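Chemist: Single-letter residue listing:
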Amino acid sequence: MTDFSGRVLFLDRSDINTDEIIPARYLTEITKEALKPHLLEDLNLDGFNPERDIQGTSVIITRSNFGCGSSREHAPWALEVNGIDLVIAESFARIFRQNMYNCGMMAVELEKEAINRLFAEFSEKETAISTDLAANRFKVSADGETAEFSFSISDFDRALIEAGGWVEYADAHY
Amino acid sequence: MGKTVAEKIFDAHFVDNPAGDICVLRLDAVFCHEITTPVAINDLVRRGKDRVYDPAKIKAVIDHVTPAKDSKTALQGKILRDWARRHDIPDFFDIGRNGVCHALFPEKGFVRPGYTIIMGDSHTCTHGAFGAFAAGVGTTDLEVGILKGVCAFKHPDTIKIKVTGDLPAGVYAKDVILSIIGKIGVNGATNRVIEFTGPVIENMSMEARMTISNMAVEAGATCGIFYPDRTTVAYLWPHIRDEFLSEDAALEAYQQYLPDSDAVYEDTITFDAARLSPMATYGYKPENVKPVAEMAGTPVDQVYIGSCTNGRIEDLRAAAEVLKGRRISDSVRGIVSPATPGVYQQALDEGIIKIFMDAGFCVTNPTCGACLGMSNGVLAEGEVCASTTNRNFSGRMGKGGMVHLVSPATAAATAIAGKITNSTLYNG
Ligand code: SF4
Numbered sequence: 001m002t003d004f005s006g007r008v009l010f011l012d013r014s015d016i017n018t019d020e021i022i023p024a025r026y027l028t029e030i031t032k033e034a035l036k037p038h039l040l041e042d043l044n045l046d047g048f049n050p051e052r053d054i055q056g057t058s059v060i061i062t063r064s065n066f067g068c069g070s071s072r073e074h075a076p077w078a079l080e081v082n083g084i085d086l087v088i089a090e091s092f093a094r095i096f097r098q099n100m101y102n103c104g105m106m107a108v109e110l111e112k113e114a115i116n117r118l119f120a121e122f123s124e125k126e127t128a129i130s131t132d133l134a135a136n137r138f139k140v141s142a143d144g145e146t147a148e149f150s151f152s153i154s155d156f157d158r159a160l161i162e163a164g165g166w167v168e169y170a171d172a173h174y
Numbered sequence: 001m002g003k004t005v006a007e008k009i010f011d012a013h014f015v016d017n018p019a020g021d022i023c024v025l026r027l028d029a030v031f032c033h034e035i036t037t038p039v040a041i042n043d044l045v046r047r048g049k050d051r052v053y054d055p056a057k058i059k060a061v062i063d064h065v066t067p068a069k070d071s072k073t074a075l076q077g078k079i080l081r082d083w084a085r086r087h088d089i090p091d092f093f094d095i096g097r098n099g100v101c102h103a104l105f106p107e108k109g110f111v112r113p114g115y116t117i118i119m120g121d122s123h124t125c126t127h128g129a130f131g132a133f134a135a136g137v138g139t140t141d142l143e144v145g146i147l148k149g150v151c152a153f154k155h156p157d158t159i160k161i162k163v164t165g166d167l168p169a170g171v172y173a174k175d176v177i178l179s180i181i182g183k184i185g186v187n188g189a190t191n192r193v194i195e196f197t198g199p200v201i202e203n204m205s206m207e208a209r210m211t212i213s214n215m216a217v218e219a220g221a222t223c224g225i226f227y228p229d230r231t232t233v234a235y236l237w238p239h240i241r242d243e244f245l246s247e248d249a250a251l252e253a254y255q256q257y258l259p260d261s262d263a264v265y266e267d268t269i270t271f272d273a274a275r276l277s278p279m280a281t282y283g284y285k286p287e288n289v290k291p292v293a294e295m296a297g298t299p300v301d302q303v304y305i306g307s308c309t310n311g312r313i314e315d316l317r318a319a320a321e322v323l324k325g326r327r328i329s330d331s332v333r334g335i336v337s338p339a340t341p342g343v344y345q346q347a348l349d350e351g352i353i354k355i356f357m358d359a360g361f362c363v364t365n366p367t368c369g370a371c372l373g374m375s376n377g378v379l380a381e382g383e384v385c386a387s388t389t390n391r392n393f394s395g396r397m398g399k400g401g402m403v404h405l406v407s408p409a410t411a412a413a414t415a416i417a418g419k420i421t422n423s424t425l426y427n428g
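Chains as they are written, first to last, in our numbering: chain A, 1 to 174; chain B, 1 to 428.
These aren't lab readings, by the way, just hints derived from the structure by calculation. Here the structure is a predicted model, which means the values were calculated and not measured. One or more hints might be untrue.
Derived list of chain B stretches under chain A, where covered just means 3 residues or more per stretch with a C-beta under 8 Å from a C-beta of chain A [said to hold, decoys possible]: (1) 41-47; (2) 140-146; (3) 253-267; (4) 351-361.
Partial pick of chain B residues on the chain A-facing surface, computed with a CB cut under 8 Å [to be verified]: (5) Val-15; (6) Ile-22; (7) Asn-187.
All residues carry an ideal CB built from backbone N, CA and C; glycine is no exception.
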């Protein structure tokens, strides 16, 4: 099972849509790997450079309504093939959120205050997160400073992560 | 406690409650197109699960890029085609018979009130126009739908939107839904079902209803549901006449999918149609909506009429009404893509295709085409398009392009003037 830990990429914007996560022109790809170089290529965010900023990160922290727009699962895949298995946001678009768990990945919502605090205290630093899934806790650390955040996910989403995604779960149960 | 339409449909299709308010439902249909399905097929094959739950309940079409524009899109089509053959899927629509999924499948009679439908496409909500619960899903949900005929959904909290009054001249279904999205926002109905009701809605044709339900997702909604009525039954009648003795009998059967009078809604919002005017979007979100009057004069390079929102016969008629006897501006590239071969044929029979061609439009085959910026009218950087489609996201019709969403009548008037223009100027 994925450990949902690693370096953080902060994206300080709400309503980042799936066209920004992976542009429609790459939907002709039929393998996940082919999406790898194009993650967040069209992201509308000052100072963000996908070639420089994505490399080596495993977690995205962002604002509200992440993953809105088209239902394309290419969005979580583009994250997955770049080694990003966890997105933490104030809120998610329904389909995107479900797609994440369906792929055995995590999309976790935190309160606005917690997200504000993460941005205020950590977004300018080299930040890493380690996730304790059993305890529902994130440990965030940068420059020797640490902070802990608890989160909740439903039993069903947890079962999906443990089964390795919805196809395996459904084929075993129905 | 009374039930909403979606709650009734959920009850009738219940399979399991694996957790919290998650319901696993039995599916009446799984729709497939060549962009999101090939990956699902490849993944099922990879898992050793290349099966389909019921070939007759799977409907597949090549619609997004057709004819194929390059080797990659040709391969996507081939994967879908080979799979449909391998599993004897009877309703597979290839070139010559294909059209935009959300226009083609209703036309073929594949949707019924009370149905549960999924597709790997966010505008699957369109089929709510028939009183069905139809939702866009990701590829993994699609895989499970294909494999097991089930899908998991959250309990459908519902918002009721009532549209009252009378539509003023030049105001169409597209203007109604743009106004609604402008008011409630791109997140206004996230994770919820919308029920559309009220006299304006009741008087709408199925085409107009589909324009509205189509864009429910642009307000975040899972599905936009209309109540099955005589209009629904009349549209479906050629496909259901063997199932019912009369249209009345069909109506009575479908009325089990009306909400109870004491159904519980999260919110009820009323719009007065009399106060609406033609609308256009101005930014990169469908909620950035202004009256066309305030946008008038904005120059455009291209006008696109088509898509699952506004590529049906009524839409082409509304545009042709404005275009008739006129020519589009030399500075504008006009492109029209009838949504299905049926629409195309009807438009030919009615002389509408000739009106478009005489006006200087390029008429393409039925396809999604320019709508998603993959073929048939991709914008260059810095170009502006007035479009009857449903998404104005940055890059949607081509990197660096700007899309203004409008009704077919506004699109036609805009093509003539070369800048965003109210159709009543030509049509009043
Ligand atoms: S017409 Fe556009 S919005 Fe509709 S299904 Fe095709 S690409 Fe999607």
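Chemist: Taking the earlier hints as the rules, which of them does this structure contradict?
Modeler: Those not satisfied are hints 3, 4.
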